[in-house]
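Spelled out, the chains give:
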Amino acid sequence: MIIRVVTSNKVYNLRPSPSFVESESKSPFTIMAAIKVHGSPFSTATARVLATLYEKEVEFEFVPVDMRAGDHKNESFLSFNPFGQVPGFEHGDLKLFESRAITKYVANEYAEKGTELVFGDSKKKAIIGVWMEVEAHQFDPVATKLTWELAAKPAFSMGATDKAVVEENEAKLAKLLDVYECRLAESKYLGCESFTLVDLHHLPGIHYLMGTEIKKLFDSRPHVSAWIADITSRPAWSKVLAMQKQK
Amino acid sequence: MATPVKVHGPPMSTAVSRVLACLLEKNVDFQLISVNMAKGEHKKPEFLKIQPFGQVPAFEDGGVSLFESRAICRYICEKYADKGNKGLYGTNPLAKASIEQWLEAEGQSFSPPSSVLVFQLAFAPRMKIKQDQVVIKQNEEKLSRVLDIYDKRLGETRFLAGDEFTLADLSHLPNTQYLVGVSGKGELFTSRKNVGRWWNEISSRDSWKKVVDMQKSSA
Numbered sequence: 001m002i003i004r005v006v007t008s009n010k011v012y013n014l015r016p017s018p019s020f021v022e023s024e025s026k027s028p029f030t031i032m033a034a035i036k037v038h039g040s041p042f043s044t045a046t047a048r049v050l051a052t053l054y055e056k057e058v059e060f061e062f063v064p065v066d067m068r069a070g071d072h073k074n075e076s077f078l079s080f081n082p083f084g085q086v087p088g089f090e091h092g093d094l095k096l097f098e099s100r101a102i103t104k105y106v107a108n109e110y111a112e113k114g115t116e117l118v119f120g121d122s123k124k125k126a127i128i129g130v131w132m133e134v135e136a137h138q139f140d141p142v143a144t145k146l147t148w149e150l151a152a153k154p155a156f157s158m159g160a161t162d163k164a165v166v167e168e169n170e171a172k173l174a175k176l177l178d179v180y181e182c183r184l185a186e187s188k189y190l191g192c193e194s195f196t197l198v199d200l201h202h203l204p205g206i207h208y209l210m211g212t213e214i215k216k217l218f219d220s221r222p223h224v225s226a227w228i229a230d231i232t233s234r235p236a237w238s239k240v241l242a243m244q245k246q247k
Numbered sequence: 001m002a003t004p005v006k007v008h009g010p011p012m013s014t015a016v017s018r019v020l021a022c023l024l025e026k027n028v029d030f031q032l033i034s035v036n037m038a039k040g041e042h043k044k045p046e047f048l049k050i051q052p053f054g055q056v057p058a059f060e061d062g063g064v065s066l067f068e069s070r071a072i073c074r075y076i077c078e079k080y081a082d083k084g085n086k087g088l089y090g091t092n093p094l095a096k097a098s099i100e101q102w103l104e105a106e107g108q109s110f111s112p113p114s115s116v117l118v119f120q121l122a123f124a125p126r127m128k129i130k131q132d133q134v135v136i137k138q139n140e141e142k143l144s145r146v147l148d149i150y151d152k153r154l155g156e157t158r159f160l161a162g163d164e165f166t167l168a169d170l171s172h173l174p175n176t177q178y179l180v181g182v183s184g185k186g187e188l189f190t191s192r193k194n195v196g197r198w199w200n201e202i203s204s205r206d207s208w209k210k211v212v213d214m215q216k217s218s219a
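Which chain is which? The protein sequence lines are B and U, in order.
In terms of UniProt numbering, the numbers along the first sequence are unbroken and rise by one, the last being 247.
In terms of UniProt numbering, the numbers along the second sequence are unbroken and rise by one, the last being 219.
These are calculated hints, taken from the structure and not from any lab test.
None of these values were measured; they are calculated from a predicted model.
In silico DSS-like links for lysine-lysine, alpha-carbon gap of 27 Å or less:
1. B/K172 <-> U/K44
2. B/K113 <-> U/K79
3. B/K172 <-> U/K142
4. U/K43 <-> B/K175
5. B/K123 <-> U/K44
6. B/K163 <-> U/K130
7. U/K79 <-> B/K123
Simulated coverage check for chain B against chain U, where a stretch passes if three residues somewhere in it have a Cβ under 8 Å from a Cβ of chain U:
8. 85-97
9. 105-114
10. 117-126
11. 136-145
Cβ coordinates follow ideal geometry from the N, Cα and C atoms, glycine included.
Please put together the full structure from these sequences, using the hints given.
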């Protein structure tokens with residue numbers, strides 16, 4: 001049971017304290033501070049955090065940051081992320097940046113709510129951890145460069161696509177996806193037999209690439225293709241896409 | 001006595017040295033297994049079985065086989081939580097969240113430009129590859145901007161994630177060691193008051209001194 005209390009400057013979500021009788025608190029309720037995400041639904045990093053919050057069925061307030069106006073570089077935003085990048089994240093007094101640190105925090109803080117995204121014994125967790133690093137250090141840099149050249153530059157008239165960069169990164173992605181194809185032949189999802197943060201972290205990057213000629217690299221690999229069809233059809237991800245459509 | 005964990009790769013590799021530093025901080029016994037990269041051993045089928053991307057390090061602990069240095073470090077900290085430096089990966093969720101934040105900042109903001117510089121300035125000459133001055137300049141500029149942010153942060157806290165040395169600081173040791181050792185680039189760190197102080201402190205830890213010794217004796 002959650003009671004939502006809205007005052008003039010704060011929103012409180014209250015839940016019953018677990019052991020009211022033993023607790024020192026005079027209140028029968030524990031205050032759950034509001035979660036705020038500052039960013040843009042089009043930013044892959046912001047989308048990663050939004051997807052996680054939707055998967056965990058956690059209420060949050062979205063604070064749009066106008067990146068075209070450069071709001072992510074002004075003083076007030078820098079207090080959320082000194083690198084001047086979206087997203088910024090608040091949970092009560094806690095402020096966090098780096099999407100993959102935020103998603104882990106949310107997944108652990110709300111372990112019992114919504115989809116289980118981090119779990120398992122030490123071995124399973126370790127293997128999930130390995131593939132999270134693969135996404136962060138192998139997949140994301142290549143996906144980002146390809147999306148920039150093939151989708152962002154044309155969309156924002158920011159210059160001609162650099163064919164050499166596309167060729168180089170397409171080759172890297174192909175090799176990477178060969179490894180993914182082998183992995184997904186032996187494991188239903190990248191980390192383990194269930195959907196976890198590993199798969200979720202890929203969603204924003206995959207979404208943009210599927211809208212470019214790079215789609216053929218995914219379609220030609222049956223296990224990768226089936227995995228993509230599965231993870232992109234999750235209701236939580238559809239909610240993030242709906243936010244993109246709103247703007 | 002437990003079987004030592006196995007680390008495959010040369011100590012001069014920045015990623016391998018990251019794992020070695022963590023093992024030493026945690027007092028976890030390990031066996032270092034050499035991989036002859038000059039002979040392409042890391043691209044051979046037997047190695048690809050334990051690291052499908054053909055990169056070092058690979059890591060084994062009994063039935064657990066892992067790769068990606070930062071994932072290996074997290075595993076070591078969780079599995080051996082009670083050994084060695086207990087606070088390395090945080091002892092409560094809020095501490096851990098801050099460590100994760102700065103570990104990600106290392107991986108996403110510090111590592112890309114510093115890794116390019118390490119390759120260009122430390123490895124390319126040894127491998128008789130011509131240095132690319134344009135690339136060096138671009139990445140020096142990127143790294144300078146990152147270090148400006150670090151300098152501000154380290155004016156507020158003693159270490160990156162808070163007032164204790166953590167995995168977030170450790171993760172920066174390998175690349176910085178090479179850059180400080182190369183003439184002219186150490187200034188990037190030492191000319192910034194708080195970054196300089198932080199570097200002195202983290203690099204004089206016993207665990208890191210042992211890694212540097214291992215690098216020297218295997219060169």
